[in-house]
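J.: Sequence:
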Amino acid sequence: MADPLLFNPRTYDPAHFDPETRRLLRATVDWFEERGKRQLIEDYRSRAWLADFLAFSAKEGLFATFLTPASAAGGQQDKRWDTARIAALNEIFGFYGLDYWYAWQVTILGLGPVWQSDNAAARGRAAELLDQGEVFAFGLSEKSHGADIYSTDMLLEPDGDGGFLASGSKYYIGNGNAAGLVSVFGRRTDVEGPDGYVFFAADSRHEAYHLVKNVVDSSKYVSEFRLERYPVRPDDILHTGRAAFDAALNTVNVGKFNLCTASIGICEHAMYEAVTHAQNRILYGRPVTAFPHVRRELTDAYVRLIGMKLFSDRAVDYFRSAGPDDRRYLLFNPMTKMKVTTEGEKVIDLMWDVIAAKGFEKDTYFAQAATEIRGLPKLEGTVHVNLALILKFMGNHLLAPTEYPPVETRLDAADDAFLFQQGPARGLGAIRFHDWRAAYDAYAELPNVARLREQADALCEFVTTAAPDEEQSRDLDLLLAVGQLFALVVHGQLILEQARLTGLEQDVLDELFAVLVRDFSAHAVELHGKDSATAEQQRWALGAVRRPVVDDARSQRVWERVEALAGAYEMAP
Numbered sequence: 001m002a003d004p005l006l007f008n009p010r011t012y013d014p015a016h017f018d019p020e021t022r023r024l025l026r027a028t029v030d031w032f033e034e035r036g037k038r039q040l041i042e043d044y045r046s047r048a049w050l051a052d053f054l055a056f057s058a059k060e061g062l063f064a065t066f067l068t069p070a071s072a073a074g075g076q077q078d079k080r081w082d083t084a085r086i087a088a089l090n091e092i093f094g095f096y097g098l099d100y101w102y103a104w105q106v107t108i109l110g111l112g113p114v115w116q117s118d119n120a121a122a123r124g125r126a127a128e129l130l131d132q133g134e135v136f137a138f139g140l141s142e143k144s145h146g147a148d149i150y151s152t153d154m155l156l157e158p159d160g161d162g163g164f165l166a167s168g169s170k171y172y173i174g175n176g177n178a179a180g181l182v183s184v185f186g187r188r189t190d191v192e193g194p195d196g197y198v199f200f201a202a203d204s205r206h207e208a209y210h211l212v213k214n215v216v217d218s219s220k221y222v223s224e225f226r227l228e229r230y231p232v233r234p235d236d237i238l239h240t241g242r243a244a245f246d247a248a249l250n251t252v253n254v255g256k257f258n259l260c261t262a263s264i265g266i267c268e269h270a271m272y273e274a275v276t277h278a279q280n281r282i283l284y285g286r287p288v289t290a291f292p293h294v295r296r297e298l299t300d301a302y303v304r305l306i307g308m309k310l311f312s313d314r315a316v317d318y319f320r321s322a323g324p325d326d327r328r329y330l331l332f333n334p335m336t337k338m339k340v341t342t343e344g345e346k347v348i349d350l351m352w353d354v355i356a357a358k359g360f361e362k363d364t365y366f367a368q369a370a371t372e373i374r375g376l377p378k379l380e381g382t383v384h385v386n387l388a389l390i391l392k393f394m395g396n397h398l399l400a401p402t403e404y405p406p407v408e409t410r411l412d413a414a415d416d417a418f419l420f421q422q423g424p425a426r427g428l429g430a431i432r433f434h435d436w437r438a439a440y441d442a443y444a445e446l447p448n449v450a451r452l453r454e455q456a457d458a459l460c461e462f463v464t465t466a467a468p469d470e471e472q473s474r475d476l477d478l479l480l481a482v483g484q485l486f487a488l489v490v491h492g493q494l495i496l497e498q499a500r501l502t503g504l505e506q507d508v509l510d511e512l513f514a515v516l517v518r519d520f521s522a523h524a525v526e527l528h529g530k531d532s533a534t535a536e537q538q539r540w541a542l543g544a545v546r547r548p549v550v551d552d553a554r555s556q557r558v559w560e561r562v563e564a565l566a567g568a569y570e571m572a573p
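Numbering (our numbering), first residue to last: 1 to 573.
Be a bit skeptical, because a hint or two may be false.
[Unchecked claim] Under the rule of at most 25 Å between Cα atoms (straight-line distance), these lysine-lysine pairs were calculated in the DSS-like manner:
| hint | residue 1 | residue 2 |
| --- | --- | --- |
| 1 | K358 | K37 |
| 2 | K143 | K213 |
| 3 | K378 | K392 |
None of these hints come from the bench; they were simulated from the model. The structure presented is a predicted model; accordingly, all values stated were derived computationally and were not measured.
Model the full structure from these sequences, guided by the hints.
T.: Put into structure tokens, the structure is as follows:
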């Protein structure tokens, strides 16, 4: 029987969406299923460009429908920027192969500066290109500077006729081989400081655009390209000055959210394979799943995956309900990028410990899942960068809650217009949050939720009595350990909110929180061992360690859910 908590192509019916969204999501699943596992794996192994997939997308109007905001849709009702259905498609792409997701993801990034722009000509051109089935690219990173946009060497020299000639190179640019429009970040040679920043639109087919190479060995075309006196007309200018800088950061805010649901899709497909293999493999006269350590590892993987889904689904609601007076999404966004994707790595590792050599076999999805899951925590800012960002919110989130109207589940067919009207990318330390304790209090009767609540309260005590001093605040290694503890509190909060909204079985929830209690304890021990931790901080760290509440009957009931995944899904050959 299919597990209602996991995506299963055999039973998938996104009935909570409007008819056209349902049709497109189901059509996408059917395209992959008809293509079959053998061809999918062969395309991955041969590094084939995604021409067939992009032809399907163009024929169905998939990217155009999902990625054209209502303001550029010309009154076509099915076109809108809807984070809920974008998340659903991320999960499907991850389930079948990250290469497909990547072409979609960098199209989203490439569109970000365009949809934030007031340039009507560029917006109209982008909408037309989407209708034609084109993909887009985001020309931000450079080989020498990475994503350090303060140091860009893409230079725009005035041409004396109101435009510019752009010269320079970009690196790690997805879809750079085929993009109908590349959003390129650079700076003017005649203006000093941030006023000189420019975002402009380029065409990868132009003679002054030189494709150097694919910098990775993959179907993903992660390009290096070079512009040599590329003519930039006034109609190509998307943003200038500080607005160009803000557009870069705000685009990443929109784009990096997609990593969490791609990670979920990868883990779901891999889990069907892993549990089925373990259940059918006989070792020492018994199925592999008869061994206690195997059951624990697969159960931990399952509940971690459910936690990933719950957190990400709830974060969608905050994204869609955001506005100038509610920017809580700016915490939950790096959480999805950092926490959910690293949880995905743990899920794959737990299953790989069980299936061992099977995870290397060339005819499995798992072999590519084990490789591709590593990339997601490292895209759109490293784990460390996003942990450092999360720390900016810690004081207000833990200690200074304020009142907000309730945020309901957001699956309505609405356009998320604010994502392209985010405004200046600053003021993070002033953002306020609702009281995190309410989510924990609603499940106070669950033993392991109560245990993590004890640890969260202890973290509040740490922040008020043993927080890093001025010198320690320059020790990023120590701060990141604190960030991991804070991230667990936020992770638990949104999981609990979504559990309440969806009526999640309490067995699954308490088993998940047993894992989170262990995680908090492990990070506390890590903090204890940091070179610069004070004696007071070391005492606090050991005092925050808790043992999860063990319930063999609960664990057995959750194991039975995991065991039922054996044979529940196998992709068509």
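J.: Tell me if the straight-line CA distance from K358 to K37 falls inside 25 Å.
T.: 16 Å, holds
J.: Going straight from one Cα to the other, do K378 and K392 come out at no more than 25 Å?
T.: 20 Å, holds
J.: Please verify whether K143 and K213 have alpha carbons no more than 25 Å apart.
T.: Within the cut-off at roughly 13 Å; holds.
Consistency with the previously given hints is maintained throughout, with no hint failing.
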